[in-house]
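Asker: One letter stands for each residue in the lines below.
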Amino acid sequence: MSGRIYWNGTPVPFLPGENAASALLRAGIAGFGRTPTGLPGGVFCAIGQCQGCLVMADGRLTEACLLECREGMRLSPRGGMNE
Amino acid sequence: MNEPVVLVVGAGLAGFSAAAEIAGAGLRVLVVEQAAAPGGAIHRQPLPGIAYPVASAVHRRRWTQVTASVRAQGDRIEIRYGCRFAGLDHEGTALLTGARNALVRPRALVIATGAAERVRPRPGWTLPNVMTAGALQIRTKTLGKAPDGRILLGGSGPLLLAAGAELVKGGNPPVAIIEAGRPFRHVIGSLGLPLPYLREAAGYMATLLRARVPVLTGTEIVRIEKRSGALTLHVESSSGGRTFDGDLIGLHDGIRASDHYAAASSIPVMRAGDCREALGARAALADGRAAGAALVAELTGTVPASAKDSSRIERERRAQRRLARIFGHDGSARLAALPADTVICRCENRTVGDLRALGPVPTDRDLRLHGRFAMGACQGRFCTEWVRALTDPSHAGSPLGAVRLPAHPIAIADLLDAGGIADNPSTGE
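Same order as they appear, the protein sequences are chains A and B.
Going from the first sequence to the numbering used here is simple: count from 1 and add 2.
Going from the second sequence to the numbering used here is simple: count from 1 and add 496.
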């Protein structure tokens, strides 16, 4: 399935089978908000090891690099929800 | 599928070759893979419908072979993508999360989760658009084309050359490759490498030369800065310093084995491939088969025809040692000279200064309880090596604290969704 996901309400297109991290990076979105201690969040290892690309996806905190895009999925920076 | 007899974690070379070996003995196998497609890091497959100009012919041949061996086993092997292994408890119950949460009770477990990429801490390495070279490789392989923008690769190791060549094939040659070692000085040493290694390296070099990608050896990354929307990479060699501007930086300082799943359990657990010992793709195939054969022997009492191919593993081990010498360089001075505000622990934002404040010889308890090193969400995967190097190099390689399950953060909802194993009639509970 290809279609659109939403980052902070802004539509971002995705390719069939693409993960959220890849779609966001292709759209020029590299900063995924801030970690709870203030570092910039974003893709680092891309294989689910570093926890750097955590985002809120439909209300759940999850690694964007392992999250397969679904039509209409709503993503946002993790904000203060991590702890 | 009923309860699998063997659970295999990871659908890369080692996991697939182990699965084929085990299923070949008539046992049911469940392979779980966290990504949406198989291949692991090296053989990551492109998204559906995307042409694949990036992989070399050797790589394609190897992958075709191993996937055919998995297919040949028919429904004895089930593969679940988007499914993560969160851990195995002492009674042998495994928690799977992701696509479908479940608790399973296999009779044995194979962990084939691949290598970890080493990345040295440097000022600016936490900036957005600074990632591992492996992350750039995965993007290039899955999309069938290189990411846009000016790309810089830096650190040390043969993977930088491979990644650079893939970016060329993907249509966007890197601006430069910054290599701290001096691999081209070791001509005689390089000739001792097995022929396939030399052929592979020559292929990468030819691709990079054709695209006129500068490869700066004996050159170290000093820091990365963000300047008016772009990234500036400061490098230094014996002939002085210079800078490169780019939009995307891929860092890499080698690979190492990685095991964050090692809990004692009542069932046999085997590790296979780079997660056991980082020996590369050729060894991973043989290692997966060997792990599979050993498990079959343990579960059925019969030793499969394909006995452990230890000569293969030993050959790859020698080749990897030689490669390590060829790319070898002493990075300890650079590490020791890092500015105090350089982040070491990315999860908890702990710096070189925070580490020094713990005194000259901090205990593991100091490091964890007071320093909060290796206490973050990644469980020390990315900081432990550098914390050890800066405080107690004699303990290099030893973990900072015990491995804790789950192997990655999970939501309480994952546990609730997983249901009970008592629901499953085949466990007899």
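Calculated from the structure, these hints are not laboratory results.
We put the CB at the ideal spot given by N, CA and C, even for glycine.
It is possible that some hints are incorrect.
[Claimed, not checked] FRET-style restraints, in silico, Cβ to Cβ:
(1) B:Leu-691 / A:Gly-81: 51 to 57 Å
(2) A:Pro-15 / B:His-866: 30 to 36 Å
(3) B:Ala-836 / A:Pro-13: 41 to 47 Å
(4) B:Ser-806 / A:Arg-6: 48 to 54 Å
(5) A:Pro-15 / B:Ala-726: 40 to 46 Å
[Unchecked claim] Which residues of chain A face chain B? A few of them, derived with a C-beta cut under 8 Å, are:
(6) Thr-12
(7) Pro-13
(8) Leu-17
(9) Gly-19
(10) Gly-44
(11) Val-45
(12) Glu-70
Asker: Between Pro-15 of chain A and Ala-726 of chain B, does the C-beta distance stay in 40 to 46 Å?
Answerer: violated (24 Å)
Asker: Report holds or violated for the interface hint on Gly-44 of chain A, using the least CB-CB distance to chain B and a cut-off of 8 Å.
Answerer: holds (4 Å)
Asker: Taking 8 Å as the limit, does the beta-carbon of Gly-19 of chain A come near enough to a beta-carbon in chain B?
Answerer: holds (4 Å)
Asker: With 41 to 47 Å as the target window, see if Ala-836 of chain B and Pro-13 of chain A comply at their CB atoms.
Answerer: holds (43 Å)
Asker: Can we keep the Val-45 of chain A interface hint, with Cβ of chain B closer than 8 Å?
Answerer: This interface hint holds because 5 Å falls under the 8 Å limit.
Asker: Next item in the hint list is Pro-13 of chain A. Is there a CB on chain B closer than 8 Å to its CB?
Answerer: violated (19 Å)
Asker: Given the hint of 48 to 54 Å, check if Ser-806 of chain B and Arg-6 of chain A actually sit that far apart at their C-beta atoms.
Answerer: holds (52 Å)
Asker: Taking the Cβ atom of Pro-15 of chain A and the Cβ atom of His-866 of chain B, is their distance within the range 30 to 36 Å?
Answerer: violated (47 Å)
Asker: Restraint: Thr-12 of chain A near chain B, CB-CB cut 8 Å. Satisfied or not?
Answerer: The hint is violated - Thr-12 of chain A has no Cβ within 8 Å of chain B, the shortest such distance being about 17 Å.
Asker: Against the range 51 to 57 Å, how does the distance between the Cβ atoms of Leu-691 of chain B and Gly-81 of chain A compare: consistent or not?
Answerer: holds (54 Å)
Asker: Just to be careful: measuring from the Cβ of Glu-70 of chain A to every Cβ in chain B, is the smallest value less than 8 Å?
Answerer: Check passed: Cβ of Glu-70 of chain A comes within 5 Å of chain B, closer than 8 Å.
Asker: Given Leu-17 of chain A was flagged as interface, is its beta-carbon under 8 Å from a beta-carbon of chain B?
Answerer: Because about 5 Å separates Leu-17 of chain A from the closest Cβ in chain B, which is inside the 8 Å limit, the hint holds.
When held up to the earlier numbered hints, the structure conflicts with 2, 5, 6 and 7 and fits the remainder.
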